[in-house]
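**Q** Let's have the full structure, built from the sequences with the hints guiding it.
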Amino acid sequence: MLELVIISALNGVLYGLLLFLMASGLTVVFSMLGVLNFAHAGFYMLGAFFGFQISKWFGFWWALLLAPIIVGLIGAAVERFALRDIHRSGHVAELLFTFGLAYVIEEVVQIVWGKDPVDYRGPPSLDFPAFSIFSTNYPSYKVFMFAISVAIFVALLIVIKRSRIGLVVQASLTHPQMVAHLGHNVGLVFTLVFGVGIGLAALAGVIAGPILQTQSNMAASLIALLFVIIVVGGLGSLAGAFVASLLIGLIQTFAVSLDGSLASLFGPLSPDAPQFLIRNIWTVTIAQVAPIIPYALLILVLILRPMGLFGTRET
Amino acid sequence: MLEVQNLHAFYGKSHILQGVDMRIGAGEVVSLVGRNGVGRSTTVKAIMGEVAPHGSIVFKGRDIAGLPSHRIAQLGLGYVPENRDIFPTLTVRQNLVLGIKDSRKPGRWRLDDMLDMFPNLATRADTPAGVLSGGEKQMLTTCRTLMGDPELVMIDEPTEGLAPLIVKQVGDLISHISQRGVAILLVEQKLSIAMQISHRVYVMGHGRIVFEGSPAELKGNSKVRRDWLEV
Numbered sequence: 001m002l003e004l005v006i007i008s009a010l011n012g013v014l015y016g017l018l019l020f021l022m023a024s025g026l027t028v029v030f031s032m033l034g035v036l037n038f039a040h041a042g043f044y045m046l047g048a049f050f051g052f053q054i055s056k057w058f059g060f061w062w063a064l065l066l067a068p069i070i071v072g073l074i075g076a077a078v079e080r081f082a083l084r085d086i087h088r089s090g091h092v093a094e095l096l097f098t099f100g101l102a103y104v105i106e107e108v109v110q111i112v113w114g115k116d117p118v119d120y121r122g123p124p125s126l127d128f129p130a131f132s133i134f135s136t137n138y139p140s141y142k143v144f145m146f147a148i149s150v151a152i153f154v155a156l157l158i159v160i161k162r163s164r165i166g167l168v169v170q171a172s173l174t175h176p177q178m179v180a181h182l183g184h185n186v187g188l189v190f191t192l193v194f195g196v197g198i199g200l201a202a203l204a205g206v207i208a209g210p211i212l213q214t215q216s217n218m219a220a221s222l223i224a225l226l227f228v229i230i231v232v233g234g235l236g237s238l239a240g241a242f243v244a245s246l247l248i249g250l251i252q253t254f255a256v257s258l259d260g261s262l263a264s265l266f267g268p269l270s271p272d273a274p275q276f277l278i279r280n281i282w283t284v285t286i287a288q289v290a291p292i293i294p295y296a297l298l299i300l301v302l303i304l305r306p307m308g309l310f311g312t313r314e315t
Numbered sequence: 001m002l003e004v005q006n007l008h009a010f011y012g013k014s015h016i017l018q019g020v021d022m023r024i025g026a027g028e029v030v031s032l033v034g035r036n037g038v039g040r041s042t043t044v045k046a047i048m049g050e051v052a053p054h055g056s057i058v059f060k061g062r063d064i065a066g067l068p069s070h071r072i073a074q075l076g077l078g079y080v081p082e083n084r085d086i087f088p089t090l091t092v093r094q095n096l097v098l099g100i101k102d103s104r105k106p107g108r109w110r111l112d113d114m115l116d117m118f119p120n121l122a123t124r125a126d127t128p129a130g131v132l133s134g135g136e137k138q139m140l141t142t143c144r145t146l147m148g149d150p151e152l153v154m155i156d157e158p159t160e161g162l163a164p165l166i167v168k169q170v171g172d173l174i175s176h177i178s179q180r181g182v183a184i185l186l187v188e189q190k191l192s193i194a195m196q197i198s199h200r201v202y203v204m205g206h207g208r209i210v211f212e213g214s215p216a217e218l219k220g221n222s223k224v225r226r227d228w229l230e231v
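Residue numbers (our numbering), protein chains in the order written: chain A, 1 to 315; chain B, 1 to 231.
Just so you know, the hints here were simulated from the structure itself, not pulled from any lab data. Please read these numbers as outputs of a predicted model, since none were measured by experiment. Using N, Cα and C, we set each Cβ at its ideal position, and we do this for glycine too. Hints are not guaranteed to be accurate.
[Stated by the list, open to error] Here are the simulated distance ranges between beta carbons:
{"hint": "1", "chain 1": "B", "residue 1": "E160", "chain 2": "A", "residue 2": "W61", "range": "56 to 64 Å"}
{"hint": "2", "chain 1": "B", "residue 1": "K60", "chain 2": "A", "residue 2": "A77", "range": "55 to 63 Å"}
{"hint": "3", "chain 1": "B", "residue 1": "G37", "chain 2": "A", "residue 2": "R164", "range": "32 to 40 Å"}
{"hint": "4", "chain 1": "A", "residue 1": "A224", "chain 2": "B", "residue 2": "H176", "range": "20 to 28 Å"}
{"hint": "5", "chain 1": "B", "residue 1": "N83", "chain 2": "A", "residue 2": "A296", "range": "13 to 21 Å"}
{"hint": "6", "chain 1": "B", "residue 1": "P128", "chain 2": "A", "residue 2": "I6", "range": "38 to 46 Å"}
{"hint": "7", "chain 1": "A", "residue 1": "S163", "chain 2": "B", "residue 2": "P128", "range": "15 to 23 Å"}
{"hint": "8", "chain 1": "B", "residue 1": "K60", "chain 2": "A", "residue 2": "I299", "range": "56 to 64 Å"}
{"hint": "9", "chain 1": "B", "residue 1": "Q5", "chain 2": "A", "residue 2": "R164", "range": "35 to 43 Å"}
**A** Dropping the structure here:
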């Protein structure tokens, strides 16, 4: 049992960090440009497939370096040449555009790589167990994922809190026009932030691809989860996105690994009456309801604290 | 230094500026006064590119009409907006740092000068600017714009809602800016400090300039004051 808890906790935190790599870009782009980017998870998927392709040609380390940059540049181009013009037509147009873009990305991926999962593997040099907990070997590739995610998180924090460009970004979140009056090119900052946000999502795709399945449907299931995270964390709040990512990561991981049900809670003492009346609910396992837990959390947060855990405005 | 000719601007379908003409020489202090809603702020916003301008705006020999705001600012035109747009979550010091356009080229104002000049800002240098009082916010926004070393500063309603003592401080600050050779366009509803510190005054009414002259001339012209200024 303890073994299961420790392994699940490690996996949960790791999954949470991956989610944060994606949610951070999504939430910053939202508060800066006011765009809920439905295509964000699509860029994560592009990252995974680009990572797969580049690692097939040149090896994993090149993929790790190049795929996020290429996808980030694509993202920046989308902001500069499409979203910026569409922005003038209002939020509905923007929403529809990113919605459509998500489908376009999915279709393109299917045309190029097909519908089946591709055989994307991590680097052979990390193909050994890092340490053992009881009888379980923890792969060093996962340790490497930890390191990358934490490093990115720290770097992001330092850039935003300490650097001049970070100051410009923070100020542009609330007063873009004033920042422009001070002589800063806010349009360029927007493109940069969008590109970096997309690049981070792609990075998540590159490192997650080998352990999760790299498949053309990997984006669709994820985007809803990302929205849950940024709403629960509070729209526009990086700290909120971080906490919510870890929370969702842990909940998801523990829920699927626990095999309990209401019936098993009572063990042999389980009364017969409920079985008779609400048998379906009584015997459902936690693992079976795992997928709906984040959405239940979303509803709970929206009822009790509509601005999210760390947010400052109503969602 | 700045020459505005036949400037028009629109908000949707309403024709706000209907041919504004004005000019500001190097080092000059000029006031633009008028009642609420005559287009004073719109004039400044059109010059800064925040509202789309129609007409000619020449700054240092270059037509800037329609350039993006940040390009205009980089050419040396500073703007202090009327709503004192400080960045509330950033500290006072960070607000000032954001005013610097090019950190490699030191301007005539340094961060320490600003903090020396305003002890209130110095003691709160590392607190979020959102907690400052109205007067302190005005000083901060003005200082922030000065950090970018502009050659002409346009200050919109700096004394609005401030206590008389603070209004005097704002007046002193503007005189001080002028002494360092920076031209100033002061936009005000009330005549108070405008009459004391300006070299020339423009009175605006219904989207165009209705009077131009020295403060003394405006003082002597009771018709203009009655028709266009007094409530």
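**Q** Are any of the numbered hints broken by this structure? If so, which, sorted upward?
**A** 2, 4 and 5
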